[in-house]
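J.: The two chains are supplied separately, each in an independent frame; assemble them into the complex guided by the hints.
The primary structure of each chain is shown beneath.
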Amino acid sequence: MKIKEIFVTSAFTENSVWRQILGICSALAVTNLMMNSLVMGLGVIFTLALSGFTISLIRNYIPKRIRMMVQTLIIASYVIIVDLFLKAFYPEISRALGPYVGLIITNCIIMGRAEAFAGKNSPFDSMIDGIGAGVGYTIVLLVIAFVREIFGFGTLFGFQVMGDWWTKWSIMVMAPSAFFMLAILIWIINTPKKQVG
Amino acid sequence: MELNPLIIFIAAIFTSNILLTNFLGMCSFLSVSKEVESSLGLGMAVVFVMTITSAINYAVYHFVLVPLDIIYLQYIIFIIVIAAFVQLTEMVVERFSPILYYSLGIFLPLITVNCAILGVSLFMVIRNYTFLQSIAYGAGSGLGWLLAILALAGIRQKVKEKYVPSGLAGAGLSLIITGIMALAFVGFSGIVVIQ
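The listed protein sequences correspond, in order, to chains A and B.
According to the working numbering, the first sequence holds residues 375 to 571 in order.
According to the working numbering, the second sequence holds residues 6 to 200 in order.
Chain B with its partners taken away, still in its complex shape (with noise of 0.2 Å):
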């Protein structure tokens, strides 16, 4: 399968987004998407931690765990390096750009526990990605993933002074918001298609 990583690209925002074909990420993208700010910061350092340990973790699959013949311990090195990148994101930013600090850092640890970057990088095994395809991969999820989370907020946000059934107030609102802009996003289904 040559894909052209463009092509993957744009099929990771469009028509298999990682939250509203694949379900993943959905835990912050519910509980941080009140306001449209805090989830521009938070789709913004989703985005950089998924291209780069997409990267990270395809070099480490790749030549560490295949030659070794211990593929069945990608689930705990992927999330090692998860957790370590995210760490020395943090490091790194608070030391050198503190206002960057302020408007990101806050959501770095958050995103060790995103699912979307574990899948992320379990799909890229799967699919047999190429390095290029797997950073297309990995950056076309996490804008995808923007994408869907400021669509969310920003609707949220108008909803938020109309009447809703008690029962369905906070989660379950939130779930039929996201219900209908996926079914929005499956008239994307056709332009591109990956598997």
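One chain only, chain A, in its complex shape (with noise of 0.2 Å):
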């Protein structure tokens, strides 16, 4: 039970995109592709989960002072790792994410799930709540791509869905749509249920 409860807290209830608007700049950069936006949740879930892991593991050991800097250097281990294992076996998807995959480091959320969880918890909480912080994020990720590849390019994960008929919607590809499909998501999530029913 606590279990399932820390997931879906920080899944769903505490979700850092929507809820805390957090780590938005990648959520905003690769969302032109679902398998993109794929395989940048999967290594947000693994840097989350084992960087919560690990900083829980030696919070009682770091001083308090330089705490940042170790955490960052954590966190840029394990994205280090994510990043080489794409340029191994996926090097044409490393190559589309280019900079991105880098820039997990800086993403706040994992920053920001550091300080808010794995500081204060076991070891083994704080992995779980990394993933759940990761699953919500990418739960964002797909449904921004989902819009933005059917309208933009026709095709889910790369499948033509739509006919020859389709028109593509350039803008989708483009850099604004980004901001506007992210604003409304936000909108839909936020509007308070008695103006929805």
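These are computed hints drawn from the structure, not numbers from a lab.
Small disclaimer: the values here were computed from a predicted structure and weren't measured.
Some hints here could point you the wrong way.
Among chain B residues calculated to face chain A with C-beta under 7 Å, some are [said to hold, decoys possible]:
id, residue
1, C32
2, T183
3, G184
4, G195
Here chain B is said to cover these stretches of chain A; the calculated rule only asks that three of the stretch's residues, wherever they fall, bring their Cβ under 8 Å from a Cβ of chain B [said to hold, decoys possible]:
id, stretch
5, 396-408
6, 452-466
7, 473-479
8, 546-557
A short list of chain B residues far from chain A (calculated; beta carbon distances all over 12 Å) [as the list claims (entries may be wrong)]:
id, residue
9, I15
10, L73
11, E99
12, N119
13, I131
Cβ atoms here follow ideal geometry from the backbone N, Cα and C, with glycine treated the same way.
T.: This is the structure we're talking about:
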């Protein structure tokens, strides 16, 4: 029960993207294709889970003054693992994501969870919290990418789903649509229930 | 690819604005843009740090990482350089110019976690820029970021008193404004192209 509670809290009720508006740089940048979003999401889940675990494990030994620096180094080490893995096994996706894999380091969600949760809780709980926050983030990415890919390219995960009659909306491929899509998503989720019903 | 540094500089401000087309530095962009004055302070700090760190990181990458064949450590090294430089700047400014410290210094710690700074260093490596090109790119991106946050802060002050649907108030509205700004900046594309 407790594990489930931690997971649901960090994935949905306290979702980093739509509740705390954290980590949206990459949420905007990689969402023109479903595949890129999924890979990015998995990378973030991996980094969040393991950095949460590690930081929580050594939380009593880190001097308070250099806490941030130590956390950043731990996060950076895991991001390097993700980056090398992608370069070795999925070179094309690695090229498409470009610098955004490296930018997972400065993704505020990871630092935010490390500060807010991993610094105070046991390693296992922190790992669950990390996975939860990562899953919540991935869901946002996939929702935005779903709309952008289907309107912008007429495909899903690279497979043609719209017929030849479909006119591609080039705006959905360009940057501004990412801002609009995320704004609309936040708007829908934050609208009080009584107004919706 | 031999691009004139001046072209890169102009392109980094307008056609490939680091914020509006590459989405970097969003967190502080959204949280600090409530007032024009503090936006200007943070923007100036970003321009300064971005220009210098792109130069330092260029030197570190080409004279330390490449010869030692430890390019895979670039993320860690870049972030340490940025954090150390920010810390140093903060101490120097505090020591020699208390006035500047009060207007700019409070924003410096925020900059370490601004992903635009790390992003500029990473783009510089991926695109194989020369030293001059890197500095031009860093300065241009900083100015582009400053321009974007000033514009958003100005618009937010104007719409502060207006009616906004409750679910959209705050971050949602800022994102829509930013989206319209990004749309306007698409109009610059075609002047110069860098990739």
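J.: Give a verdict on every hint.
T.: Hint-by-hint comparison with the structure:
no., hint, verdict
1, C32, "5 Å, holds"
2, T183, "5 Å, holds"
3, G184, "3 Å, holds"
4, G195, "13 Å, violated"
5, 396-408, "holds (count 7)"
6, 452-466, "holds (count 4)"
7, 473-479, "holds (count 4)"
8, 546-557, "holds (count 9)"
9, I15, "18 Å, holds"
10, L73, "16 Å, holds"
11, E99, "17 Å, holds"
12, N119, "7 Å, violated"
13, I131, "6 Å, violated"
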